[in-house]
Amino acid sequence: MALAAGIGYTLLALGPAFALFVSVIAAKPLLVLFVLTSALIWLVSLIILSAFWRAFLPIGSSWLLVLLLVTCVSFQELIRPVFWFSYKKLEGLLNALAQRMSKPELKYYETMQIALAGGLGHGIAHAVFFCLSLLTPSFGKATFYVDSCKQMPLFLVAAMLSLSFLIIHTFSMIVAFNGYDDGKRSLVVFAPAMHFAAAFLSLVNLFQGGCMVGVPLVLVCAVGVICYCGKIVWAKVGDQDTAISMSNRANILS
Amino acid sequence: MDHSGFVILACVLSWLTQSAIASFQSVPELEASMYKTVDGSACVRLLTLSGEIGCANPDRDKVLAPILRLRSASDTIDQISSVLLPFSELNAFLMRTLNEAAINAKVAGVLVESSSAVGASFPSSLSDDEKFPEAQFAPYQNTSHVWNPPGSGIINKRFNFPVYLLSDESTRIVQEAALGNQRRNFNYPMNVAEFDLVMQTTKVGTSTSEACLSASSCLPLGGYSVWSSLPPISSSSSKEIVLVITSMDSASIFRDTTLGADSPLSGLVALLASLDALANISSPENWNRQLVVAVFTGEAWGYLGSRQFLNQLSSGGSSVQGLDQSRIYQILEVGSVAQAMDNVFYAHFQNEGSAATVEILEALQVAATSLNSASAEVLVNNASDTNPGIPPSSLMPFVHANKSMSGVILTEFNSVYMNKYYHSSMDISGQINTSTIAVAASLVARTLYILASGQSNITSSVADLLTVNESLIEQLVSCLLTCNPGMSCDLVSGFITPSQTCPNHYVGVFTGDPSESPITENIDDTARFIWNFLANRTALTINGTDTGAIMDCSTGCSDSDQVCVGSTVEHKGVCVHSTTRYVPAYSTRLHYTASGWQTLPPSSTDVLGNVDPVYTESYWRVLGVRIFMKESSAFDTWILIMGMAITVVSFMTILSMKSAFKKRLKHA
Chain Y
1 MALAAGIGYT LLALGPAFAL FVSVIAAKPL LVLFVLTSAL IWLVSLIILS
51 AFWRAFLPIG SSWLLVLLLV TCVSFQELIR PVFWFSYKKL EGLLNALAQR
101 MSKPELKYYE TMQIALAGGL GHGIAHAVFF CLSLLTPSFG KATFYVDSCK
151 QMPLFLVAAM LSLSFLIIHT FSMIVAFNGY DDGKRSLVVF APAMHFAAAF
201 LSLVNLFQGG CMVGVPLVLV CAVGVICYCG KIVWAKVGDQ DTAISMSNRA
251 NILS
Chain B
1 MDHSGFVILA CVLSWLTQSA IASFQSVPEL EASMYKTVDG SACVRLLTLS
51 GEIGCANPDR DKVLAPILRL RSASDTIDQI SSVLLPFSEL NAFLMRTLNE
101 AAINAKVAGV LVESSSAVGA SFPSSLSDDE KFPEAQFAPY QNTSHVWNPP
151 GSGIINKRFN FPVYLLSDES TRIVQEAALG NQRRNFNYPM NVAEFDLVMQ
201 TTKVGTSTSE ACLSASSCLP LGGYSVWSSL PPISSSSSKE IVLVITSMDS
251 ASIFRDTTLG ADSPLSGLVA LLASLDALAN ISSPENWNRQ LVVAVFTGEA
301 WGYLGSRQFL NQLSSGGSSV QGLDQSRIYQ ILEVGSVAQA MDNVFYAHFQ
351 NEGSAATVEI LEALQVAATS LNSASAEVLV NNASDTNPGI PPSSLMPFVH
401 ANKSMSGVIL TEFNSVYMNK YYHSSMDISG QINTSTIAVA ASLVARTLYI
451 LASGQSNITS SVADLLTVNE SLIEQLVSCL LTCNPGMSCD LVSGFITPSQ
501 TCPNHYVGVF TGDPSESPIT ENIDDTARFI WNFLANRTAL TINGTDTGAI
551 MDCSTGCSDS DQVCVGSTVE HKGVCVHSTT RYVPAYSTRL HYTASGWQTL
601 PPSSTDVLGN VDPVYTESYW RVLGVRIFMK ESSAFDTWIL IMGMAITVVS
651 FMTILSMKSA FKKRLKHA
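Those protein sequences? They're chains Y and B, same order as listed.
Counted from 1, the first sequence has number 247 at position 247 by the UniProt record's numbering; the numbering is strictly sequential.
Counted from 1, the second sequence has number 280 at position 280 by the UniProt record's numbering; the numbering is strictly sequential.
Treat the hints with caution; some may be incorrect.
Result set (DMTMM-like, lysine to aspartate or glutamate): computed pairs, CA atoms no more than 20 Å apart in a straight line [stated by the list, open to error]:
no. : chain 1 : residue 1 : chain 2 : residue 2
1   : B       : 157       : B       : 59
2   : B       : 666       : Y       : 239
3   : Y       : 150       : B       : 176
The hints are simulated quantities; they were obtained by calculation from the structure and are not laboratory data.
Sequences are here, hints too, so could you generate the full structure?
Put into C-alpha cells, the structure is as follows:
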C-alpha cells in the first residue's frame, strides 16, 4: 500500500519538526508566531533565489551548479544576521513591555527557545520548498529511482536530506544566536560553515551510487550540529542562570 | 581550505555532473514519467446466452503484477506475473491456461507483443476462430469438415484475466521493463503492469446475454448493413432480382485490430469496384432483371446482418421497402478473393439442379473467358464435391429461409481456406494482392452484367467498360485496410467525415433504436462510406449527366426518391435519385423495447435464432494498461515504521532533553 510509504516519507522528513513543535513550540503562542514568521521569511528568500536562478534552467554545466549552491547558501547566510538583528529589536520592545508590566525580562533559555523557533521555521521552510511537493507522487503506487542512485528511491533520499537540513537549520540558529549575542567568532562562523558543508556534501549524491555515501554524510553533519549546539547551550545554561534571580520564575511568554 | 583542495573539488565536480542531472520541469512531470501508459488493443468481455467469452479483469479492481517475458508458450512461470508474449505464441499460451489450472492461477494478465515489432517472428498461420466457423448455421449436417485448419477457437473461450495487444512502440517499452526485472533477478523494486480492463458485467454480476441485457450492463453486437439497387427501384417494378451480397465485418479477439483484409474485405472491395464498373453501362432500366447489392455487417458473429435482412423482408420492414423476397431469383456472394492462386477462383453453389444456379455458373465461365488474355488466364472452377456444402457465408441464412434458393459463392479457396490468418489480427493488407482483387472485380462485374441484362456474352465495347481499374482497388485498399492514409483518404473523406483515421472492422455494438432511422453517430465509418459510395454509383443519370443538385441536405432531400450523398462537415451533399438504404443488423432473438433489449424465447419459425449464441459486449469505462516500478509492500511498511519511529524517538529525545535542561536550570 503506497499510502503507507507516502506517510512514512512525510514522517521521516517532518516527524522531528512535528515533535519539536508539539513539545516545545505549541505551548507558547509567541513561539508559534516566531516559527510562522521565520518560515515565511526563509521561504521568501528561497523564492527570490529560485526566481533569479529560473532563468538559468536547466543547469547543464557543473560550474553553474556549484555557483548556484554558493549563491543560495551565501544569500541565506547573509539574511541570518539580519534575522537576528530584527529579533534583537523585537526583544528590546518585549523587554520594555515587560518592565512596564513589572514582569521579568526574557531569560536565556527563553531566548534560546525563540532561537529554536527561528531555526525550526528555517528548517520547515527548507522542507516545504525542497521536499514536500516532491513527496506527493510517493503516495501513489509507483516508486522512482534516479539513474545515479539505484539503491534508494528518490523519495527516501529527499526525505532524509530534508530531515538532515531541518536539524541543521534548527540547531545552528541556536548556535548563531549565541554567537551574535556573545560576539564569539567561532559560533558565528559555525552556522554558515555547516550550511556550506552540508550543501556541498549533498553534491556527492550526484555520483553514480553516491547517495549511499552522501546521505549518511549529511546526516553526520546534522548529528554534529545537534551535539555542538547541545554542548554550547548546556555550558551556558550552567553559567548564565546563576545570575538571574531564581525567585522570579513568572514567564512573560506563558 | 587551501587552493589545491579547491582545484580537486572543481575537477571532481566537473566530472560527476556530466549526465547526472535529471531534467524534470515540475513534480507533475515527474509523476507522469513514473507511469508509462501503453497503447494497443484490448480483448474485451463478450457474453452469450450460455455464458461469458473473451477476457477481462477478474473483478472490479485493477490487476497488478510484475512483468515476466516468455519466449515460448511452454516456458515456466514461478509466481503471479503479467506475462509478456510474442504474438505467435499467444494462442498456444491461452490454450495452456485453459488446460492447466496451475498456470492459469499464476497469470495476472497477458501483454502481447505486436506482430510487427522488431524481431517478432511471423507465425505461419494463426486463426482465432473455429476450424468450421459458425458451424451451427450450416444448412447441412456434416460439420466436421475443416474449412479453417489454423482455427484455435479461442474467440469463443473465456479467460479470467485481461489480455492486451501492444502497439509497436509500447512493445519496446514493456520489453525494456521486463528486461529490467530480469536483471534485478525479480527482486523488488520491480516493473509491474497494471491492467484496468474492468467490465460492467463483472461489476454487476451478470454472466449471460439475457441477464446483462435486462440489467443494461451490456449491448448486443450489431450495426447497419447497406443495400442498394441498380437502377433505383421504381414502385411498379416486378422484375426478378439478382442479389449480390458480401460482408463488411471481421472478427478477432482484439476488438480494435480487426481489419479482415482478405476475409471478408477483399470481397467487399471487389464488389464495390465491380459496381463502379457496372455504373458505366447505360440504361440499366432496360435490363431483364433488377440488380440489388447488399453488404451485411455482423456476419462474423452469427450472421446478424443477413438474418435480420431476411427478417425485415418477411415482416415488410420499412428499411427493405421495394424488395420482395419472392422476387429474389438468384444470389451471387463475393467471398474472400485476394489470395486466389494464379487467378483461379472457385464457385461454391447451392441447389445445383436449378436453372438459376446453372445460369450463374455459366455466366461466370463466360466472364472468365472474356477476361483471358495472353498474359493471364482466369479460371473459375466449381468447388470440389467432397465439400459438405457451401462454406461459411452469408448465403447460409438465405438457404435456411428458402431451401431451393439458388446461390453461388465466388472465393479464392476450394476445400480449405487460403487465408492463413482468417479472423485474426494478422489478416492485414500486406497479405492481399490488389491485382487479384481487380481480376475478381472484373469477373463479378461481367457476371452480374450477364445475369442482369440478359445478354449472353460480353461484347468488346462492354468489355472495355467492365474492366475494373486497379487504381480504384488500390485506393479502396489504402482507405479501408491501412492507417495511412486510412479513412482520411480522399475517396472516403469526399463522402463522409470519418470518426477515426485507422479503419477497423469489428461490428461493434448496436446503439439506439433499430426501428428508427439511424443517426450518423450510430453508424460506423465503413458502413457510411459504403452507403455513400453505392448511392453515388447507382444514382440515376439522364444522358450521362447527374440528376442531382448540390444542396445542404443533411436533414434529407425533399423528393422521397432522392437521398443525400456526401454530406460532410466540410461540404454539402448532393441529392440524387438512388435506392440506397441502411438495414439494422442485430440478432433475430432480440427485440428492442422502451425499457431496453429483450431476449425472445426460441421459436419454430426462426431456426437460426435458436442456434444463435446472441453475442453481447459488456459496457466498460476504460481499457488501459500502465507500466511502473513498484516497491514490495514490505518495503512500504518499513518506511512507515521508520517514519513513525523517527517521530517517536524525536518526541522522547526532546522530552528527556527538556527535563535534563530543567534540572540543570534548577541546579544552576
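Verification of the supplied hints:
Distance check on the hinted pair: residue 157/B and residue 59/B sit about 18 Å apart at the alpha-carbon level, within 20 Å; holds. The hinted pair formed by residue 666/B and residue 239/Y meets the criterion: a straight-line CA distance of about 12 Å does not exceed 20 Å. Taking the CA atoms of residue 150/Y and residue 176/B, the gap is about 17 Å. The hint holds against a cut of 20 Å.
Going through the hint list in order, the structure satisfies each hint without exception.
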